[in-house]
Amino acid sequence: MRLRGVVLVAGLCATAAGLIVVAVSTGTAAISWGEVVSTLLGEGDERSRLVLFELRLPRLALALVVGGALAAAGALFQSMTRNPLGSPDLVGFTTGAATGALAALLLLPTAVPAGAGAVVGGLAVAAVALALGGTGHRLVLVGIGLAALLTSVNAYLLTRADVTEAQSAAVWLVGSLNGRTAYLPMTAIAVAVLLVPAALLSRSLAVMELGDDKADSLGIAPARMRVVVVVVAIGLTAAAVAAAGPIAFVALAAPQLARRAARAARPLVLTSALLGAVLLLASDLLAQRVLAPQQLPVGAATGVLGGVYLAVVLALNARRERR
Amino acid sequence: MTTQPPHASGANGAAIDLQHVTIAYHRRVVCDDISLSVAAGSFTVLVGANGCGKSTLLKAVAGTVPVAAGTVTVEGRPRRAWGRRELARRVGLLPQSNVAPEGILVRDLVARGRHPYRSALQRWSRADDSAVDEALAATGLTAVADEAVDRLSGGQRQRAWLAMLLAQRSEIMLLDEPTTYLDIAHQHELLELLGRLHAEGRTIVAVLHDLNQAARYASDVLVVAGGRVVAAGRPAEVLTAQVVEEAFGVRCRVGTDPVSGTPVFFTESVPGAGG
Numbered sequence: 048m049r050l051r052g053v054v055l056v057a058g059l060c061a062t063a064a065g066l067i068v069v070a071v072s073t074g075t076a077a078i079s080w081g082e083v084v085s086t087l088l089g090e091g092d093e094r095s096r097l098v099l100f101e102l103r104l105p106r107l108a109l110a111l112v113v114g115g116a117l118a119a120a121g122a123l124f125q126s127m128t129r130n131p132l133g134s135p136d137l138v139g140f141t142t143g144a145a146t147g148a149l150a151a152l153l154l155l156p157t158a159v160p161a162g163a164g165a166v167v168g169g170l171a172v173a174a175v176a177l178a179l180g181g182t183g184h185r186l187v188l189v190g191i192g193l194a195a196l197l198t199s200v201n202a203y204l205l206t207r208a209d210v211t212e213a214q215s216a217a218v219w220l221v222g223s224l225n226g227r228t229a230y231l232p233m234t235a236i237a238v239a240v241l242l243v244p245a246a247l248l249s250r251s252l253a254v255m256e257l258g259d260d261k262a263d264s265l266g267i268a269p270a271r272m273r274v275v276v277v278v279v280a281i282g283l284t285a286a287a288v289a290a291a292g293p294i295a296f297v298a299l300a301a302p303q304l305a306r307r308a309a310r311a312a313r314p315l316v317l318t319s320a321l322l323g324a325v326l327l328l329a330s331d332l333l334a335q336r337v338l339a340p341q342q343l344p345v346g347a348a349t350g351v352l353g354g355v356y357l358a359v360v361l362a363l364n365a366r367r368e369r370r
Numbered sequence: 007m008t009t010q011p012p013h014a015s016g017a018n019g020a021a022i023d024l025q026h027v028t029i030a031y032h033r034r035v036v037c038d039d040i041s042l043s044v045a046a047g048s049f050t051v052l053v054g055a056n057g058c059g060k061s062t063l064l065k066a067v068a069g070t071v072p073v074a075a076g077t078v079t080v081e082g083r084p085r086r087a088w089g090r091r092e093l094a095r096r097v098g099l100l101p102q103s104n105v106a107p108e109g110i111l112v113r114d115l116v117a118r119g120r121h122p123y124r125s126a127l128q129r130w131s132r133a134d135d136s137a138v139d140e141a142l143a144a145t146g147l148t149a150v151a152d153e154a155v156d157r158l159s160g161g162q163r164q165r166a167w168l169a170m171l172l173a174q175r176s177e178i179m180l181l182d183e184p185t186t187y188l189d190i191a192h193q194h195e196l197l198e199l200l201g202r203l204h205a206e207g208r209t210i211v212a213v214l215h216d217l218n219q220a221a222r223y224a225s226d227v228l229v230v231a232g233g234r235v236v237a238a239g240r241p242a243e244v245l246t247a248q249v250v251e252e253a254f255g256v257r258c259r260v261g262t263d264p265v266s267g268t269p270v271f272f273t274e275s276v277p278g279a280g281g
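Protein chains in written order, with the working numbering: chain C, 48 to 370; chain Z, 7 to 281.
Isolated chain Z (complex conformation) (with noise of 0.2 Å):
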C-alpha cells in the first residue's frame, strides 16, 4: 500500500468515541446508555452474547441507524457535523450479510466503494482505478478479479467485500462478523489480513464471536452485555473467566494458547444446560 494519511483523532486519541448514546431499532432500544472509545490505529474487537446490541453499535458509528439520545463523535468531531461522503471516506462498513448482485465481477463489486468518491456526472478517474487495483492486491484477488463473484469460494468472496472497503480507503474499517460462514483456515486468512491491515495503521473494529481468536488477533477488547460495555482494555487482562461468565453466562477456565501465548476459554458448564 501506499503511504497512509496520518492519523486524525478526538483530544484524547480517540477514533471513535461514544457518550451516553442510547438507540431505539423498530421502538425496541437496543444500546441505553452506552459509553466507549476506540483507539485510532487500533484493532478492537466487540465480543457478548447474541443480540445485545454489537451490530447496532457498528451501525450508529458507520451512520446507517439514528441515534436517539447521546453524542456519536467520529475523529473529534460529532457524527452529526460529518456529511454523508466525507463519513463514508473515514470510516467503511462491511455488515454481517452481504449478497452480491447476480453476476457481477470481482472488479465491479471492489469499484463500488469508489461511490463516496464520485458523484453523479463524474468520470471513472485514474486515482479510481489505482484505488481498486490496491485493493485487489492487498486481498489477493487480482487474478480472479475478471471472474463473476457468485463463483468464487465463500473466503475469496469475503475478501472480495473487505477489498469493496479497502477500495473505499476509510482509515477506520467497522466489520459486522467477518468470519462467521467462513471455515477455520479461511478465519485465520481474514484475521491475518486484518493484523496486517492494522499494523499499516488503519483502525479496525470488528465483532467476533470467537473469543480464543479475539485474544490472539485484538489490541483491544470491548466486552459487550445487555446492551452496555461491562469491560474493556488489553485483551490479556479484560478477557477473564469472571468477565466471560458475566457477559455470556458460562462458566469456563482459561489456560494459553500455545501458539501465540494468549489466552484460550474452555467451557465448564452453562447454567440451565443440565450440566
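Extracted from the complex, chain C is given alone in its bound form (with noise of 0.2 Å):
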C-alpha cells in the first residue's frame, strides 16, 4: 500500500476512535468520565452498566458495522459498474432490499426474518437489472429505473398494513439506528464473512475495470466474476438493509471520497468499509446529538450529507469538463 493509503488508514482509525470515546461518553444519560472508565473495567453501578453495555455500545457497533456493510457493496458495485454512481443505493438494489425486508415483515409469516426477504429482493432486482442492462452504464439506467417503480412498491405496502406497524415500517424505511441492536450479533458475523471474498475480489475487479476484453485476456471470466461480486456486494447490502433499513449515500459516497483521498485508481474495498464506517457513526452522533432529546433517523442525516457530497461532486465535475 503506498503512504498516502497508509496515512488514510490511520487517519480513519484515529477518527473511529474519537468517535467511539465520544458516542460513549455523551447522551441523554448523564454518565462522567470516571464512571464510564470504571464501567467499562467492570466496576460500575447497574445504571451505567445498563446504558454503556445495552445501549450505547451496541448502538455504535451496529453503526460501524453497517456502515462497513454498506460502503464496501458500494466499492464492489461502483467497481464492476465503472461508474460512481452505480452503488447499490442508487441502482435500486438497497431498494429492492428494502422492498423484500418490508414483503417479509408485513405480508409473510413471522417465521420469515426479514434478512432473508432483503436477500431475496436485492438478489432479485441484481438479476433483473444484469438481464435488462447488461453492466456499465445501461445497467445504472436500468437500476435507477427499478428503484423508482420499488419506491411505489414499498409505499403501496405501507399503506396495506395496519398504522402501528406501518409507522415502525416507515421509520425503518427511512433507515435507523434506533432500537435495532437485537441484530447486532447476526449482522456482524455475516458482513465478517462476507468481507473476507469482498477483500479478495478487489484485485481482480481492479483489472476487470480495464473492460471486458482486457479482463478476458489477463486470465480472468469477467462474466462469471460479476456474478460472484453482485452475490457478495447483495450479502452485505442485505445484512445492512435488514439490520437498519435502507440508509442513503453511505455506500455512494465513502468509496469515492476513499478512492478520492488515496489517490488510486483501484477499489479499496477495506479502506471503504472504515470510511463507511466511521461516516455512518459520525451521522448517527449528528442524527441523536446535534436535535437532542429529539432522535432523528440516522437515514434522515446521511441523505442531508449525501445529497451535499453529490451536489459538491456533480459541480467539481462540470467545472473540471468545462476546463
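No lab work stands behind these hints, which were simulated from the structure alone. Among these hints, one or two may not hold up.
Said to hold, decoys possible - If the Cβ cut is set under 10 Å, some of the chain C residues that face chain Z in the computed set are: (1) N201; (2) L265; (3) A311.
As the list claims (entries may be wrong) - From chain Z, some residues computed to sit far from chain C (all C-beta separations above 12 Å): (4) S43; (5) P107; (6) H121; (7) P122; (8) I190; (9) L199; (10) D226.
None of these values were measured; they are calculated from a predicted model. Positions of the beta carbon are idealized from the N, C-alpha and C atoms, including for glycine.
Each chain sits in its own coordinate frame; assemble them with the hints.
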C-alpha cells in the first residue's frame, strides 16, 4: 500500500477512536468520564452498566458494522459498473432489499426473517438489472428505473399494513439505528464473513476496470466474476438493510471518498468499509445529539450529507469539463 | 530484454492455427469456416475491409469470444485445453480501444499486466517488479512511470498499453489496430517498436489499416475479406493490385516505397464513388 493509503487508514482509525469516545461518554443519561472508565473496567453501578452495555456500545457497534457493509458493497458495485453512480442505493438494489424486507415484515408469517426477504429482494433486482442492462451505464440507468418503481411498491406495502406496523416500517424505511441492536450479532457475523471474499475480489476488479476484453485476456472470466461480485455485494447490502433499513448515500459516497483521498485508481474495499463505518457512526452521533432529545433517524442525516456530497461532486466534474 | 524462452509451436511450426473456425457474435455469424496459420516468430499483419471479422479473429485466439465450430490451436495445443491464466501467460491481447481508470499512474497500469502470475493472496514479487521495469524501459516510459496516464500524449498512452502487454510476458502478442488513433510520427514509432519486439523473437499479430505500413513492417500478411482469408504469405507476394481490389473493392496501382523497397499502393478508383 502506498504512503497516502497508509496515512488515510491511520487517520480513519484515529477518527473512529475519537468518535467512539464521544459516543460512549455523551448522551441523554449523564455519566461522567470516571464512571465510563470504571464501568468499562467492570466496576460501575447498575445504571451505568445498562446505559453502556445495553445501549451505547451495541448501537455504535451496529453503526460501524452497517456503515462498513454498505460502503464495501458500494466499492464492489461502483468498480464493477465502472461508474461512480453505480452504487447499490442508486441502482435499486438497496430499495429491492427494502422491498423484500418489508414484504417479509408485513405480508409473510413472522417466522420469515426480514434478512431473508432483503437478500431475496436485492438479488431479484440485481438479476433483472443484469438481464436488462448488462453492465456499465445501462445497468445504472435500468437500476435507477427499478429503484423508482420499487419505491412506489414500498409505499403501496405501507398503505396495506395496519397503522402501528406502517409507522415503525416507515421509520425503518428512512434508515434508523433506533432500537435495532437486537440485530447486531447476526449482522456482525454476516458482514465479517462477507468482507473476506469482498477484499479478495478487489484485485480482480482492478483488472476488470480495464474492460471485459482486457480482463478476459489477462485470465479473468468477466461474466462469472460479475455474478460472484453481485452475490457478495448484495449479501453485504442485505445484511445492512435488514438491520437498519435502506440508509442512503454511505454506499455511494464512501468508496469515492476513499479512492480520491488515497489517490488510488483501483477499488479499495476495506478502506472504503472503514470510511463508511466512520461516516455512519458520525452521522448517527449527529442525528442523535444535535436535535436531542429528539431522535432523528440516521438515514435522514446521511441523506442530507449525501445530497451535499453529490452536488459537490457534480459541480466539480462540471468545472473540470469546462476547463 | 533478458533471454527469451524458445518458441513453443505446433508440429507445422505454427504459433496459432485455426481450422474451419466459425464464430457467431450476438447471433450473427462474423467468421464462417475460416482457416489460417500464424508462424511462430512472425510479424503477421491482418488487413481487410471494416467489419470483416479481423478483431473477432484476434479475440477468438485470445479466448475472449467463444468459437461456434472448428478448432483454435495455440502452440500446438487446442485452446480449450489451456487454462485461463496459463493462456494469458502465452498470449496477450491489446483491444482496439482502451480506457484507463481515472487517475491511474503509468506504472500501476503496466503492473496490471502481471495479473496472470498472481493468485488472490500472493504478494507483489521481485519478478513482478523487474517485469514492469523492463516493460517501461522497452517502451521508453521509465521517465513518466509515476505520471497519470490521462496526462500522457496519445502516442505515450498507446505505448503504456503496449508496456502492460510486455509486462504480461506473453510470447504471442495480438494487437487490434494499435496505430489507429495516432499521428504518423507516433504510428511509425510504434511500428518500429513492434519491429524490435519481433526481432527479439516474439510472435506479433496486428490488425492494420494502412497497406503501405503492412507491406513495410510485416513478415507475413493475411488478407481477410467476407469472413475468410483470401490471400496469405509474404507481403511482396500477397499484396498485389488484384488482391487489394478483391478485398477492398478498390482499384489501385502499385509502386515501390523508395525508403524500404516494399510495395506502396495508390488508389485509382472506387466503384460506385462516381469516378
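Hints, verified against the model:
1. N201: violated, 34 Å
2. L265: holds, 4 Å
3. A311: Since chain Z brings a Cβ to about 8 Å from A311 of chain C, closer than 10 Å, the hint holds.
4. S43: The claim holds: S43 of chain Z sits with its nearest Cβ about 21 Å from chain C, beyond 12 Å.
5. P107: violated, 4 Å
6. H121: violated, 4 Å
7. P122: It is violated; P122 of chain Z is separated from chain C by about 4 Å at its closest Cβ, not greater than 12 Å.
8. I190: holds, 27 Å
9. L199: holds, 20 Å
10. D226: With a cut-off of 12 Å, D226 of chain Z remains clear of chain C, as the shortest Cβ separation is near 22 Å.
In summary, the structure is inconsistent with hints 1, 5, 6, 7 from the numbered list given earlier, while agreeing with the others.
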